[in-house]
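Peer 1: Read off the chains here:
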Amino acid sequence: MLRSRSLRALALSSCLAGSGAWAQQTLDYGRFEGLFDEPVTMSATGKPERVSDTPVTMDIITQDDIKRSGARDIPTLLKRLPGIDVYQGSPGTSEVSMGGFIQVFGARVMVLLNGRQIYLGSFGAVFWSSLPVELHEIRQIEVIRGPQSALYGFNAVDGVINIVTFDPLQDAPVTEATARIGNDARRDAAGSITAQLAPDIGLRVTASGDHAHDEGGIAMPLSSVPWTNPDRETLSMTLSALLPDGGRIGVEASHSDISERSVVAGTTQFFDARIKTDAIKADYAVDTFIGRVGANASYTLYDSPEAFNESLGDFRLHDHTAAGEVYDLFKPDPNDSIRVALEGRYETMNVVNFSSGTLSGGLVAGSASWEHQFLPGLSMVNAVRYDRFQLGRSSANLPGDIYTDKDFDRSLQGTSVNSSLIWRADDDDTLRASFARGLSLPSLLDLGQLALFMPQYGGNYFYGNPNLNPSAVYEERVGWDHKIDEVDALARVSVYHEQTMQIISTPTLTGPTPPSPACAAGNPYACTAVGYEPGTGIVVNGIQVQIDHKSRDGLAWGANYSWETLHPHTPETASAMVPLLQGSLPVNKVNATIGYGWGDWAADVRLFYSSKTKGIGLISNPYPESAILDTKDVLILSPHVTWSPIEDLSFDLSADNLWPYQDNLVQRNTPTYFLAVTARY
Amino acid sequence: MGRAIKDRVTRLTIVLACLLVPVWGGATTLKDVKIGIHVIEFVTNAPSGRSGIGIVYDPRVKESSEDAQLILESLSSSSINSAQTLKPVLIDIRDLEASTNLRAVMVADRMKPHYDTLAEYGRRTRTLVLSSDLDCARAGKCTVGIASNPRVEVIVSSQQAQASGIQFSEAFRMMVTEY
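The listed protein sequences derive, respectively, from chains G and B.
The first sequence begins at 1471 in our numbering and counts up one residue at a time.
The second sequence begins at 472 in our numbering and counts up one residue at a time.
Bound-form chain G, shown alone (with noise of 0.2 Å):
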């Protein structure tokens, strides 16, 4: 019987024949959790585990760790973590790259809310403060490093966040309200209810607002253009329904409203944006003769009313996704486990104001994952994608197009590879060894869609370029887990090589650049197109060490070191993009942290280092305008008290950015400091 119903499993996914990225919303987390008595995730290969059995080296931020981290917002609680960069180019903006590796419109980390990603392939973005959740309604927040293409598709190449959400109906209700007071005028609220409609269906609702003053920022020539104040106003519905037939059918839907001021990391470049998303999903599973089977679909809108860049002027943006995927999770034999996906996405991007008309990619993608135990303790998985991704243009009005709507009608493909084996050597070591090779899609701004008169770099004319192709990323890592049952902590140490092979560069961020072949054809206006850095690309070397004994009482204790280095793969061809990368992020970070829990109270001091980097600072020349400065070492510290003098209220007193250096950088984070009320009912 067995044996049918894996020939029946394994002929079905022969026809699938796909890809993935999955239906978190429709998995038991808190009951899985209760028996294994740990997190568990599906993130690092596509299937239910737990979390000391994934082959990749992830980190897990539960609610307990957001209880205690005293933080008001994600990349807060992520850049305590090793090998996690966080730029915050203003209050209320973050750009957050993991494996030393920061590049501009082209962000190379994937983040997905409940599985749906976040991150904006048209612009090379995540805006952070868009997302529509709250820390209280999270259940985990799970990091996994180095590339995931082969299970995540292009652009997951440095890493992947998953948020996953509490689940309406499974997990304990999540109804709290939460204000916030502090410094800067910051003024916060957000609360979530939480009701049974019916024995099978819970649904939770939670809406928030956030405002605060921008002191500070970028200093700009144009003091005429007055400072975004970061404003925040979000609403949310997830619903969990129990079907007759088994299966669970998961729906969110969010209205997000962010206004604030964004800093591309390691440049001078601002955007002053109110940024409108507007999202809906739907996850479907149930168990069937072969094997678990899901689907899932979703849109997404990006709108955005007022844009503001130095360089581009005034702008308005749209953009829509729509992606869907089925998959098929079965076990044929009690040592194998395959996953096989299909996955479809089709994007539309427009900027009113470039001319260069609408662009537009649709992705077909196909995946397949295999686990491998070969011992008890000893398991491999293999996992591979396929993805095809069709560009197009229409409606390009711009004077003096160097290109017409025939040159965008090609297609991007690549596959994507990821291969890991994990060893539980005993009860308290685990080694792990993985190979990927992920895909780095250019983004749609890179493709075409940045086409524009620039008259302060000589009246030249910038352009995309629809001949970029993705750029492989090759990362070999091992990593091994000590558990010290001595002090009931968890040690890990992690060692990794990747090498990026081809480098974008963007002329707009590098200032004007020779002419580009692309542009010598009879073109009329000074022109520069997007290419590709000359060489053969950027290494990264680093190693992550942490220690950590989490406990609710007592004493509490962590700390965590990184060492990443970046360098031209061929120094002597390396040009413009190099300087900008190299040394944008610290190469020595270390986080520690202490805290006691007693009774009714608890108490928490953060201490974060990193090593000299770049920033963006004054010059006179001769008269004062922003430049990138190197900026000395950095030491802050975050402490944060937090008392429950009943069950159903707590006060909590943080502070972040505490200690800073002080030199000519106008866009260092400034302290803050805040007093939070939180009433559950």
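Think of the hints as simulated: they come from the structure by calculation, not from any bench.
From the three backbone atoms N, C-alpha and C, an ideal C-beta is built for every residue, glycine too.
One or more of the hints may lead you astray.
[As the list claims (entries may be wrong)] Derived Cβ-Cβ restraints for the label pairs, each shown as a range:
#: 1; chain 1: B; residue 1: GLN540; chain 2: G; residue 2: LYS2020; range: 28 to 36 Å
#: 2; chain 1: B; residue 1: GLY520; chain 2: G; residue 2: PRO1669; range: 16 to 24 Å
#: 3; chain 1: B; residue 1: GLY520; chain 2: G; residue 2: THR1645; range: 28 to 36 Å
#: 4; chain 1: G; residue 1: SER2081; chain 2: B; residue 2: ASN516; range: 55 to 63 Å
#: 5; chain 1: B; residue 1: VAL560; chain 2: G; residue 2: ASP1899; range: 36 to 44 Å
#: 6; chain 1: B; residue 1: ARG521; chain 2: G; residue 2: GLN1969; range: 58 to 66 Å
#: 7; chain 1: B; residue 1: SER522; chain 2: G; residue 2: PRO1714; range: 19 to 27 Å
#: 8; chain 1: B; residue 1: GLU537; chain 2: G; residue 2: TYR2143; range: 52 to 60 Å
#: 9; chain 1: B; residue 1: LEU561; chain 2: G; residue 2: PRO1669; range: 31 to 39 Å
#: 10; chain 1: B; residue 1: GLY611; chain 2: G; residue 2: HIS1967; range: 51 to 59 Å
[Unchecked claim] Only part of the chain B face toward chain G is listed, based on derived beta-carbon distances under 7 Å:
#: 11; residue: ASP529
#: 12; residue: PRO530
#: 13; residue: VAL623
#: 14; residue: SER629
#: 15; residue: MET646
With the hints as your guide, set chain B onto chain G.
Peer 2: Relative to the frame of chain G, chain B by itself:
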């Protein structure tokens, strides 16, 4: 030289013997019982109308009786069996054949001589058989073996599950060890 090699072979043999020789299950812990309750929830085709959970023991063996009592107390505790949807009942192994209306049975300590009887009962009555002796599941006698220390381990005997007509959710199967 030859003596050194002989010593190494002896040490290696001892290590391999320790790895291969089945470890006696030992007494059931509170955490084992908690895991057992969770495992029952992942059966997708549980027969309707069954509300009992049997604790099978041998009254002639002191350790078995004591372990059964501990399991009974654990199952009666609201912290372990919060919904109290499963009614625990002690079952003398000699009375097992006559026991009905059971959704699962938990096997107490020192029941190895009766594993064949338990396996036959599970298959005949389509009942889930749980044991804190992992070797019971490895040997295909119990449906599920559970251990909680130092790490939670859940072992499912595919052969026994199939013979008993018991199906688990696919996600559960992905996360446990099957034999």
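Peer 1: Next, verify each hint and record whether it holds.
Peer 2: We went through each hint and held it up to the structure:
Restraint check, B:GLN540 to G:LYS2020: a C-beta distance of roughly 35 Å satisfies the suggested window 28 to 36 Å. Take B:GLY520 and G:PRO1669: their Cβ atoms lie about 19 Å apart, and the range 16 to 24 Å holds. Between B:GLY520 and G:THR1645 the Cβ separation comes to about 35 Å, which falls inside the hinted range of 28 to 36 Å. Checked against the hint of 55 to 63 Å, the pair G:SER2081 and B:ASN516 passes, with Cβ atoms roughly 59 Å apart.
Take B:VAL560 and G:ASP1899: their Cβ atoms lie about 42 Å apart, and the range 36 to 44 Å holds. At about 59 Å, the beta-carbon gap between B:ARG521 and G:GLN1969 stays in the expected band of 58 to 66 Å. Remark: the range hint 19 to 27 Å for B:SER522 to G:PRO1714 is upheld by a beta-carbon distance near 22 Å. The supplied range of 52 to 60 Å is met by B:GLU537 and G:TYR2143, whose beta-carbon atoms lie about 58 Å from each other.
At about 33 Å, the beta-carbon gap between B:LEU561 and G:PRO1669 stays in the expected band of 31 to 39 Å. Distance hint check: the CB atoms of B:GLY611 and G:HIS1967 are about 46 Å apart, inconsistent with the given range 51 to 59 Å. Violation of the interface hint for B:ASP529 is found here, the shortest Cβ-Cβ separation to chain G being roughly 29 Å, above the 7 Å cut-off. With a least beta-carbon distance of about 31 Å to chain G, the hint placing B:PRO530 at the interface is violated under the 7 Å criterion.
For B:VAL623, the interface hint holds, since its Cβ comes within 7 Å of a Cβ in chain G; the closest pair sits about 5 Å apart. At a threshold of 7 Å, the smallest CB-CB gap from B:SER629 to chain G is about 6 Å, leaving the interface hint in force. The criterion of a C-beta within 7 Å of any C-beta in chain G is met by B:MET646, whose closest approach is roughly 6 Å, and the hint holds.
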